[in-house]
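Protein chains in written order, with the numbering used here: chain V, 1 to 272; chain L, 1 to 340.
By construction, these hints were calculated from the structure, which means they are not laboratory data. A hint or two may mislead.
Selected chain L positions facing chain V (in silico; Cβ < 10 Å) [said to hold, decoys possible]:
#1 R33
#2 P169
#3 A212
#4 R213
Since this is a predicted model, take the numbers as computed values, not measurements. Built from N, CA and C at the ideal position, the CB exists for glycine as well.
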Amino acid sequence: MSDILPTGSAAIELSHATIGYGDVAIVRDVGLTVAAGEAVAVLGSNGSGKTTLARGLLGLAAVLGGEVRVLGAPVGGLRDPGRVGYVPQRHTISGAVPATVREVVSVGRLARLGLLRRLGRADRAAVTDAVAAVGLADRLEDPVASLSGGQQRRVLVARALAAEPELLIMDEPTAGVDAANQEALATVLTRISATGTTLVVVTHETAPLAGVLHRAVVVDHGRVAYDGPLEQAAAHEEPGMHHHPPDREPSGYRQDQPTVTTRARRPSDEER
Amino acid sequence: MDILDYDFMQRALLASLMVGLVAPAVGVFLVQRRLSLLGDGLGHVALTGVAVGVLTATSPVWTALVAAILGAVLIELVRARGRTSGDVALAVLFYGGIAGGVVLLSLAPRGQATNLDSYLFGAITTTSPQDVAVFAGISVVVLAAVALLGQRLYAVSDDEEYARAVGLPVLGLNIVLAALVASTVVLSMRVVGLLLISALMIVPSAIAQLLARSFKQTVGLACVVGLVVSVSGTTTSFYAGTPSGGTIVLLAIALFLLVSAGVAVRDRTARRRHRRRVDVHDAHPHEHGEECGHPPVPHGDHVDYDHDGHRHAPHRTGEGTHYDEHGAGPVGAPPSRRTG
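Generate the whole structure from the sequences, applying the supplied hints.
Here it is in structure tokens:
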């Protein structure tokens with residue numbers, strides 16, 4: 001599949017990709033191509049495998065079969081650090097030791113610099129800009145622990161932005177964030193999308209970022225159930241998300257999927 | 001000072017100075033990683049190295065260093081492979097280390113085996129000039145590594161998963177950190193003993209993190225605390241005739257309790273002051289908004305309202321809205337650091 005595609009134009013290429021943890025497959029036989037500069041929503045209910053799909057792109061879940069290429073290189077191999085940004089699905093920053101907003105966000109920039117290089121003037125400017133972009137410029141030197149939960153989520157967004165990544169993968173960036181902050185996030189994402197950054201946003205609610213994301217990939221039971229314009233995704237998403245659609249009654253579902261898989265994937269998908 | 005009249009005390013103070021500086025510089029990363037007991041475990045492993053040194057009549061410091069670093073690398077490899085069995089594997093390695101040490105030492109020629117206590121609890125006055133040279137070498141290497149790689153080590157200790165996702169060499173950095181811990185263990189062996197090493201890595205960091213605002217501050221403060229308790233503990237032990245390791249650790253813990261109490265009192269006063277201020281404005285007649293007449297002052301992610309020269313920030317809680325004071329100064333003064 002990837003042979004046909006001109007290399008360099010695709011940010012993400014999955015062909016017959018099976019992704020999971022240990023030897024438990026959660027996402028199975030998925031083919032997906034995301035062109036550079038696209039803004040894609042990955043939708044699906046809890047346990048559908050959408051987070052695992054994203055983690056597979058990041059090398060945090062194992063590619064058990066098929067091929068996963070990110071920015072032209074197979075996942076798991078050596079990759080230029082700092083080209084991929086990541087906002088994990090986490091509501092707070094809970095380091096044991098105090099750290100300032102600047103210190104946490106600087107980590108994002110650090111990834112670009114190899115093993116020994118220190119943050120230079122341009123790097124420090126990128127860190128300040130990233131913090132300003134999420135509206136926390138006046139909190140730069142404050143300990144992150146003194147920030148509210150919503151503000152801490154924005155710090156994690158700034159950390160990813162500071163790397164000025166080519167591909168930004170976000171896991172539930174709007175969950176537990178109030179409307180004003182969701183709007184602010186949409187503004188930031190619109191801006192970086194306009195600069196050509198490829199966006200992959202794992203989410204279960206499309207409304208807050210509907211202005212940014214144009215394409216939707218709906219994951220259901222570890223497979224791509226829909227891939228197309230975001231506006232039409234809802235029809236594919238809503239009924240199937242929380243109940244089994246008629247053609248996926250539990251009986252038929254169990255045949256092609258060992259029960260251990262269903263049991264194993266729920267916690268692993270939700271806890272990360 | 002008559003304590004400096006003795007050569008062995010000069011060496012002891014030098015050793016305690018180095019240990020006090022180096023152990024917390026490494027320990028802060030362990031605390032951040034929630035691996036506080038790694039130093040303890042590597043201390044156990046180092047004992048086997050000591051025993052090998054005693055048996056083969058080589059310097060125990062070197063054999064302990066080799067054993068502790070091997071143990072450190074092994075631990076990181078086990079951790080990288082999987083979490084579930086890692087815990088048990090660590091326990092096996094740690095207890096294997098101390099058991100191996102005890103058994104091997106018992107095989108040593110008579111008279112040698114009685115040294116066990118000095119390795120477990122420290123024997124700072126036995127520090128030889130060669131030891132001081134080796135310790136100085138270890139100190140320089142560890143401090144240089146922390147200065148050079150500190151930001152990366154912080155990144156990996158803070159959020160290992162993120163570090164891996166963005167392509168930092170996580171396993172390599174973890175092994176470096178573990179090797180630094182192993183080196184520190186050996187450095188601290190004479191001063192505080194293998195059983196108390198962890199305390200000197202962790203307690204100064206625990207004190208510093210109560211007071212510091214940033215990671216960098218925490219590292220600096222922890223080193224200062226470590227230096228002070230280590231040198232003063234060694235001095236105290238000289239005059240009181242107590243073991244240096246235990247004296248240093250008790251001093252550190254006393255300081256920790258003192259600072260904890262101080263911080264608790266400070267926080268309680270701050271809370272009471274906050275409540276008093278809130279009470280005054282609990283019955284604020286209107287909710288601030290665009291038409292209320294009080295000039296709005298943008299403040300980070302929200303808007304304060306200038307109210308007779310101090311700023312009101314609406315704070316919505318389950319019970320309703322009250323107003324927090326965000327900086328009592330005149331409008332235009334730098335915003336207060338406090339959160340509402």
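Next on the checklist: Taking the earlier hints as the rules, which of them does this structure contradict?
Outcome noted: none
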